[in-house]
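Since each chain sits alone in its own frame, please combine them into the complex, following the hints.
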Amino acid sequence: MTGRERADRRQALRLLAPTLLALGALTVYPGFWVVWLSLQHRVPIFHVARFAGLDNYVFLASDPRFWNAARTTVVFTALSVALELALGVTVALALHRQRRGRRLGLSLLLLAWAMPSVVTAKLYEWLYHPAAGLVSVLLGGHALNWLGDPYLALPAVILADVWRTMPFVAILCYARLVTIPAEVYEAAQVDGAGRLATLGRITLPLLGRIVMLALLLRMLDALRAFDIMFVLTGGGPAGTTETLTVYAYRSLFQMLQLGFGSAVSVVVFALVMGVAWAYLRLLRARAVVA
Amino acid sequence: MRRPEQTLVDVLVLLALGAYAVPFFWQLLTSFKPETELLRVPPLLPSRLTLAHYSVVLEQSLIPRALVNSVGIATLTTLLALAVGVPGAYAIARLPLPGKGALLLAIVASTAFPQIATVSPLYLLMRTIGLRDTWAGLVLVHSSFALPLTIWLLVGFIREIPREAEEAASVDGAGTLATLRWVVAPRLAPGIASTALLTFLFSWNEFLFAYTFTASEASRTIPVALALFPGVYEVPWGDIAAASMLASLPPVLIVIGLQRFLVRGLVAGALKE
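These protein sequence lines are chains A and B, in that order.
In this text, residue positions in the first sequence follow my numbering: the first is 8, and each later residue adds one.
In this text, residue positions in the second sequence follow my numbering: the first is 3, and each later residue adds one.
Do not rely on the hints blindly, as some may be mistaken.
In silico contact screen, one side only, chain B against chain A (beta carbon under 10 Å); selected entries [stated by the list, open to error]:
1) 108
2) 126
3) 147
4) 257
5) 265
When the alpha-carbon atoms are kept at most 20 Å apart in a straight line, the in silico SDA-like pairs for lysine to any residue are as follows [to be verified]:
6) 102(B) - 18(A)
7) 102(B) - 27(A)
8) 102(B) - 13(A)
9) 102(B) - 17(A)
10) 102(B) - 158(B)
11) 102(B) - 25(A)
12) 102(B) - 163(B)
13) 102(B) - 113(B)
14) 102(B) - 12(A)
15) 102(B) - 14(A)
16) 102(B) - 35(A)
17) 102(B) - 161(B)
18) 102(B) - 11(A)
19) 102(B) - 162(B)
20) 102(B) - 16(A)
21) 102(B) - 24(A)
22) 102(B) - 28(A)
23) 102(B) - 165(B)
24) 102(B) - 21(A)
25) 102(B) - 20(A)
Worth flagging that the hints you see were computed from the coordinates, not collected in a lab.
Using N, Cα and C, we set each Cβ at its ideal position, and we do this for glycine too.
In isolation and in its complexed conformation, chain B is listed as follows (with noise of 0.2 Å):
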């Protein structure tokens, strides 16, 4: 193609992508948009921007208190996932045990779930063991999908390593665990970066447990709280807007800020199968 050619089409292809993400725009600004010219359109664009939805968003409704149960259950999530995750994706990964390829199979195929099919003798656990309506609850539950995620995620990512430099350390003497935290770690850490990073935002984002497991704002996360956002005579469109782009805030900032390691995550798991 000439390169004329070519930077034409390059700006109409971006063109069309930011048409794709219009419905976000419109969104954006109707969160800035003044309560009184919500319903007039057209004019599509506002006489002047407002910062007054998120004054009320943030100063009379839950959902600041839901942002900070979101950041919480989501960051333990991640971090129980890795604790438990990394050991056992190294085990499958490197060390001998019989039937390992029929595991490894079944925790992939454990991340095909319905989270319909385990919500309600979960829901009779968490009941039982009195963890409904806690952040330790929802640690849990989204722990069930969030950990066969890591370990799969994590085992491609091990196998990529060369075993060299973990035959040399076991030559050297030093024992698995040694050799996992000295040798492997190191290593994993971009990969351990993308996984955390996917199973971050799935935790932030899930919602059929969150709706199921919570009961009040002691623990109900931003989804939950966007999904009952309380309407008195008529719907606050500009004020769910704003709470919308403020639900959105740390998937936005991942796309943009941690692109590369979103995508290696995202595309690891598909391509080496």
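Looking at chain A on its own, in the form it has when it is part of the complex (with noise of 0.2 Å):
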């Protein structure tokens, strides 16, 4: 090594120092010190720290409020995911033929993605307000109870996630469309190709890579949500709308159960790094086979 490649390494360490010490203090550390509090009894207020092994995990496997969390987290994934994914990609198409208004299109779009979260919860809890709300109005005044009933809370917190979180895909799909030179579409009309057939042999293939992109993305996001459900329903009614997410926060903050909170928050940690893993094996599996 030349002694300007040793100055060069020194520099880069000392550039890189600041962003190592804040990631090792503020997720490295943490994220293994969570793993040590799972396996803690653990009450603060009553001054309960010792050691349990793994009693938390297995309290967890024959806890029926962990599973009902686990599945409503599971379907509220998959459908909001589905209807994201769906929704944007035709978004993103309607857009992309636009020849007049993109501008403002693309503000519309983004207005229900770009504010918060809690903004976006109490957004809905008025559109579905059993009375007044314009959900109700559009309904012709059937006065449904939609965040208090057990079998519409769910679909009612879906729909409002999918609002929000659809113009990110949307927004992904619309730049990679941008991106397709227009030549690729000269030459299938030159080939004589029809609008269907275009759509379907070249505009979706084209798009595959980032639909998939967009999966992962919202996948990870969906499997830890949090905001929405717990400011517009609380995880009611009965624990309808409870994701794992939900339920480890109430563990953690209202039962004060700093370990076992823990235990549930490793729960989604692993799952989500799970999936973040197991989709970059197959890309990987793919790429070999293409």
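This is how it looks when you write it as structure tokens:
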């Protein structure tokens, strides 16, 4: 190694030092610490803090509330992500063929995505108001108790989440569509391909990669969903909208079970990282085949 | 497509997107509706518009204080993430370092860390160092997601810049820091703007950490204040609508005024991978 290279490397370390220090303290260290906490009985207000081994996890395995939260999380993720992708791709296609008013269209779309999720929750709480909500008015005055009915609450929450995050999927797909060269379409036209054939054989396949990426990002987000249900329904009625993250949060800061709550958090952590890892494996396997 | 047909579809798409934003506009309308007409629909449109809800929120609630907290915390989080992230991203993008690829992968992976996974240790940490319910504490925990995002985006933006100018500067004897300051930074400005907007927005909107680490108006941010908006005997829908509009003001301004930078930042990370 030359003196120059060694100097460059030292400089690189100096520039990176604050980053490594900050991430070490704020993500890596807490990442290990939460696992350690999950192996303890820890209830700060009673000054309880002792090692518990896998007790918390053993309890989880037969905890009906945990399994209910796990099921709610999976249903929520599957439905909201599927709707977001289908709707997002459609909106991206519509925006892409737009000749005038694209900027206005993007603004209208991004409004829903950019505002705080707590605002989304407050907005939908008012829309779902049984007597004066816009939803009731649109349904011809049928006063349904959207957020209080165990069968309607989860769909109502999913709708609010889809509304908020579909624009993200649409923008990603739209940005990909813009990068497809016009020649590709001209060539298709010369070959006599109709509009449907062009969509099915050219546009959608070219969107494939970005849709897969949007799928991953949205899944990782939906699996840890918290804000909307915490503010809109508080996890109710009767726990029908309680996701794993809401359950973890309740255990940590409302029941003040720091050890047990951490165990639920670790499950969310493992779930999210597991999905990300499996997804990367899958992509690599497919790249080898193709 | 023929021209009239194209124009017709253009208008239809815009109308559909306008309909999509109706929940927002409905809340906007609600914030100007007289109290007595709130629970009386139909008619959908009020007989007159009033600023009463805004004056209640601005004069008698903790919302103004929460707005100040949010502006401060989101701005400081953005500045801290940039101050730490720009040099870090430059080192990863340009300087020789063993294991850089793995480091970047780890940083990208940490943007996927669920907040719930780190909230209990961070809570104990903040209690130990006495930063609960302070701006500094919230700026630090917000950096835990703002910094990885900043680095991920900036590494991409730096790699888009041609290397020649930096190599010329190096031949002229400029050190790394001088090159970063005088050669890279000016070319990176639009990328920094996009990154800053996204970081500011995420910090402004963040709820889970803000709800956990704040306890009073000393540091409560606007999403927390809105979630905890008090009602005496009935829910003050008009006041809540006005408060929601105030909470949405910076995001809406960014969407309308700085859309180009926002979309660029949003798309940057995704399309390059």
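**Request:** Enumerate the violated hints, using their earlier numbering and listing them in ascending order.
**Result:** none
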